[in-house]
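For the protein sequence lines, the chains are F and W, in the order given.
Start counting at 1 in the first sequence, then tack on 1, and there's your number in my numbering.
Start counting at 1 in the second sequence, then tack on 79, and there's your number in my numbering.
Calculated from the structure, these hints are not laboratory results.
Worth double-checking, as some hints may not be accurate.
Dumping the calculated SDA-like pairs for lysine to any residue here, alpha-carbon to alpha-carbon at most 20 Å [to be verified]: (1) F:Lys102 / W:Gly174; (2) W:Lys131 / F:Glu106; (3) F:Lys102 / W:Asn81; (4) F:Lys12 / W:Glu121; (5) W:Lys135 / W:Gly122; (6) F:Lys58 / W:Thr173; (7) F:Lys102 / W:Thr173; (8) F:Lys102 / W:Leu126; (9) F:Lys15 / F:Val90.
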Amino acid sequence: GAGVSQSPRYKVAKRGQDVALRCDPISGHVSLFWYQQALGQGPEFLTYFQNEAQLDKSGLPSDRFFAERPEGSVSTLKIQRTQQEDSAVYLCASSLVGGSKANTEAFFGQGTRLTVV
Amino acid sequence: GNSVTQMEGPVTLSEEAFLTINCTYTATGYPSLFWYVQYPGEGLQLLLKATKADDKGSNKGFEATYRKETTSFHLEKGSVQVSDSAVYFCALFTGTASKLTFGTGTRLQVTL
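Please model the entire structure based on the sequences and the hints provided.
So, in structure tokens, the structure goes:
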């Protein structure tokens, strides 16, 4: 596709339910980022992949959050036992390059809005 | 650590008015600075960037100058249009970090 695609666009989960959010990066992009954007806030970094390697997961807020990119393309962010504080927009971004330069050339998807009730 | 502070919104302007959205930062190391824009229902888009002191980033009539002495990267546009209504985010990264650090965003509303 032409851009970064995320699905679903909207997800409502009951508290305690597990959810999986998908990101399809731009074809051939090496770097992939996940960010969490709470209402009225700026995006907060969650994790970074270079190809299939998860090089930085320092932003994951708890061990309920898990991300994978097994073949170096599509990525899934999984949240186990969702809590109300997990309600946010989850953004995925990809970049053709790796390393720190990836941050200068990142393309963002439209995000998945997760609401935990 | 790194942080970005933006002026709170919403900023409401009439069409053709002059726009300034303030952004200041603190950073460990020598940051690159960015402005992103989020139009309603769309993803974040890079608007402009500057990678060293005194550089001016510009795009679509928007400009911002990297001011190291004041640690600022204010966004300006001489004449806004209704189509500029969006949320604007200031952001930075430093070479030691694998992530962008964003401000909280400033909503701009432009009316006829």
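So, going through the hints one by one against the coordinates:
This hinted pair checks out: lysine 102 (chain F) and glycine 174 (chain W) have alpha carbons roughly 8 Å apart, not beyond 20 Å. Restraint check for lysine 131 (chain W) and glutamate 106 (chain F): the C-alpha separation of about 16 Å stays at or below 20 Å, so the hint holds. With a C-alpha separation of about 17 Å, the suggested pair lysine 102 (chain F) and asparagine 81 (chain W) falls inside the 20 Å cut-off, and the hint holds. The straight-line distance between the Cα atoms of lysine 12 (chain F) and glutamate 121 (chain W) is roughly 17 Å, inside the 20 Å bound, and the hint therefore holds.
Distance check on the hinted pair: lysine 135 (chain W) and glycine 122 (chain W) sit about 24 Å apart at the alpha-carbon level, beyond 20 Å; violated. Only pairs whose Cα atoms come within 20 Å are accepted, and lysine 58 (chain F) paired with threonine 173 (chain W) is accepted, the gap being roughly 17 Å. Pair hint lysine 102 (chain F) plus threonine 173 (chain W) holds up; C-alpha atoms about 10 Å apart against a cutoff of 20 Å. Taking the CA atoms of lysine 102 (chain F) and leucine 126 (chain W), the gap is about 17 Å. The hint holds against a cut of 20 Å.
A threshold of 20 Å between alpha carbons decides the hint, and for lysine 15 (chain F) with valine 90 (chain F) the separation of about 16 Å falls inside it, so the pair holds.
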